[in-house]
Structures are given as structure tokens and as C-alpha cells.
Amino acid sequence: MDFSGFLNNLTPATGFFYFLSFLTILTGLMVVLSKNPIHSVLYLIATFFCLSGHYVLLNAQFLAAVNIIVYAGAIMVLFLFVIMFLNLKQEDEESKTNLTKIAAMVTGGTLFLIFVAVFRKTQFGAFNAYSFDSQVGMVESLGEVLYKDYLLPFELASILFLVAMIGAVMLGRREAGDRHF
Amino acid sequence: MFPLATPSIPDVVQSIPLQNYVLLATTLFIIGIVGVLTRRNALIIFMSIELMLNAVNLLLIAFSTYKSDPVGQVFVFFIMAVAAAEVAVGLAIIVMIYRNTRTIDIGFLNKLKW
Chain A
12 MDFSGFLNNL TPATGFFYFL SFLTILTGLM VVLSKNPIHS VLYLIATFFC LSGHYVLLNA
72 QFLAAVNIIV YAGAIMVLFL FVIMFLNLKQ EDEESKTNLT KIAAMVTGGT LFLIFVAVFR
132 KTQFGAFNAY SFDSQVGMVE SLGEVLYKDY LLPFELASIL FLVAMIGAVM LGRREAGDRH
192 F
Chain B
36 MFPLATPSIP DVVQSIPLQN YVLLATTLFI IGIVGVLTRR NALIIFMSIE LMLNAVNLLL
96 IAFSTYKSDP VGQVFVFFIM AVAAAEVAVG LAIIVMIYRN TRTIDIGFLN KLKW
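Each protein sequence line maps, in turn, to chains A and B.
For the working numbering, add 11 to where a residue sits in the first sequence, where the first one is 1.
For the working numbering, add 35 to where a residue sits in the second sequence, where the first one is 1.
One or more of the hints may lead you astray.
[As the list claims (entries may be wrong)] Label pairs and their in silico Cβ distance ranges:
1) Phe92/A - Leu144/B: 16 to 26 Å
2) Thr136/B - Ala85/A: 20 to 30 Å
3) Ser145/A - Lys146/B: 49 to 59 Å
4) Thr118/A - Ile114/B: 45 to 55 Å
5) Ser145/A - Lys148/B: 32 to 42 Å
6) Ile177/A - Asn135/B: 41 to 51 Å
7) Asn20/A - Thr136/B: 50 to 60 Å
8) Asn109/A - Asp104/B: 38 to 48 Å
9) Thr136/B - Glu166/A: 36 to 46 Å
10) Ile44/B - Leu167/A: 33 to 43 Å
11) Thr136/B - Ser145/A: 47 to 57 Å
[To be verified] Straight line, CA to CA, 25 Å or less: simulated SDA-like cross-link-like pairs of lysine to any residue:
12) Lys102/B - Leu99/A
13) Lys102/B - Val156/A
14) Lys102/B - Lys112/A
15) Lys132/A - Met41/A
16) Lys148/B - Ile113/A
17) Lys102/B - Ala140/A
18) Lys46/A - Ile84/B
19) Lys112/A - Ala127/B
20) Lys159/A - Phe110/B
21) Lys132/A - Lys148/B
22) Lys146/B - Leu99/A
23) Lys46/A - Thr136/B
24) Lys159/A - Ile132/B
25) Lys102/B - Leu44/A
26) Lys46/A - Ala127/B
Rather than coming from a laboratory, the hints here were simulated on the basis of the structure.
Heads up, the beta-carbon is just placed ideally off N, CA and C, and yes, glycines get one too.
All chains should be modelled from the sequences, with the hints used to inform the complete structure.
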């Protein structure tokens, strides 16, 4: 596809898709590249907002809202708490050798090439315009599937949360001989 | 009063091939892998893992929308629940490591190799 033809075919939705994809990858890269952990957390929050934008474009409104509430709202606040709690001022001696970094880059690049090579030959199939249901991502249809077919996993998730809560409290408890922060 | 017409197929589904979403998710996943391999700060490694989880979520939602199958989105919901539990326990472990060693550089945890 040549570039001018690409620009002519750009509708607002597709233009928004490419812009959002670019932003997602950029902020994702900045999470890994930035030296300060607080900047990393902020870039990760930006990545989650971009991904929520993707979910809205894909008509998955419920998961877009849940993504913002759970990830950007709860998980990232937990990260920020821990970072500020630990007071990581002297955290700039990233002492991994250049050899390790180059090896990691080569590994990542090779994996990416393998994936792309696989996807070039894969046939994903187009959407079926006749049986397409645009209401799939709404609360109604998801709730029906979740509370009818997946009721047991849903209840088990609550046990998982209970165990995680007890585990976090057990791990975070200060023991008798422990030193203070 | 006419019944509300069901909204038509979204623009993005019509004009963006599914392959683009697969490539975007792959790129995010690779960024996460490179982050885990290159950084030594345990918190940033943890964030890279979150990035990988979100790449998989995006892939599941894209397939679920293109194939009109709600089960993929229910699965993403469960992945988010598990990720929240995982973060709570993982951060508690990191805080405990910091309390005992005064650092969260994973280079100091090399006894875990054996």
C-alpha cells in the first residue's frame, strides 16, 4: 500500500486507531526506558488509557470502563503507594551490563520477527457481516454469559481475592525482630 | 414508535484488518519481555508483566469483537481479577524484600537462582 493511497483511505475511525496505536506503543516503550520508577508508573497509566480507547473503538464499553477502574484506578495507585513508601531516591545505578542488554534486545527482536513471520502466513478470517452482533461488549450480553455459563469461576474468583488479601496481610506484617523503615 | 435499530458494525471493525490488532498486541508483548530482561528494578519488572497481560487482553477483546463471541471478553474480565490479586501479593513480597535487604534490585536476590 503506498502512502498517499493510505492517507486517502483514512476515515476518522481508522485515523484514530493508528494514532492510538502509536501512542500505546510509545508510552509502552517509555515504561521500560524511563529511569525514574514514578515516571514508569505514569507512562503505564497512559498506556492503560490508550488501551481503554482501543476497547471503546472495538465496542467493548464494559471492559473499557473496568480497565480504567481496576487498572488505572486500583492497581496503579497500589504501585504508586509502594514506590513512594520505599523512598527510592538512589535508584539510578542500573548496573546491568551492556552485554545483557544487547542479549535481551536480540532475544526480543528475534521473537518479534518469528511472530511477524508466523502472522504473515496466518489467515485470521474476516468478520462475518451477517452474524455480526455489535452488542457483544455491552453489560447485558456479558452479564448473561458471566452469570449463566461462568458462575462457578466467578464465585471462585472471590475465594482467590480472599486468599490474596490474607496473603498480602501476612507478608506485609511486621514481625517481632523486624527493623522499621 | 419504531424499535431502536441495532447499531451497525463499528467503523474500526469494517476498515481495520484483525492482523493490525495482532501486530499491536505482539509489539506490546515484546516490549514487556524486553523490559523484564533488561531492567533490574523489581517494580519495573512487575510493571512489564502488567504490560504483557494487557497485550493479551487487547488480543482477546479484538478476537472477541471480530467474531462476535462474548466469551473472550468474560475471559478478559477474569484475567483482570487475577491480575489484581497477583499485584497485591507481589507488591507485598517486594515490600518485604525491601524491608530485609534495603533494596529492590533483583541482582541482590541471586540466591534464588539455585
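Note to self: Run through the hints listed earlier and report the numbers of any the structure violates, in increasing order.
What the structure shows: Per hint list: 4, 5, 6, 12, 14, 15, 19, 21, 24, 25 violated.
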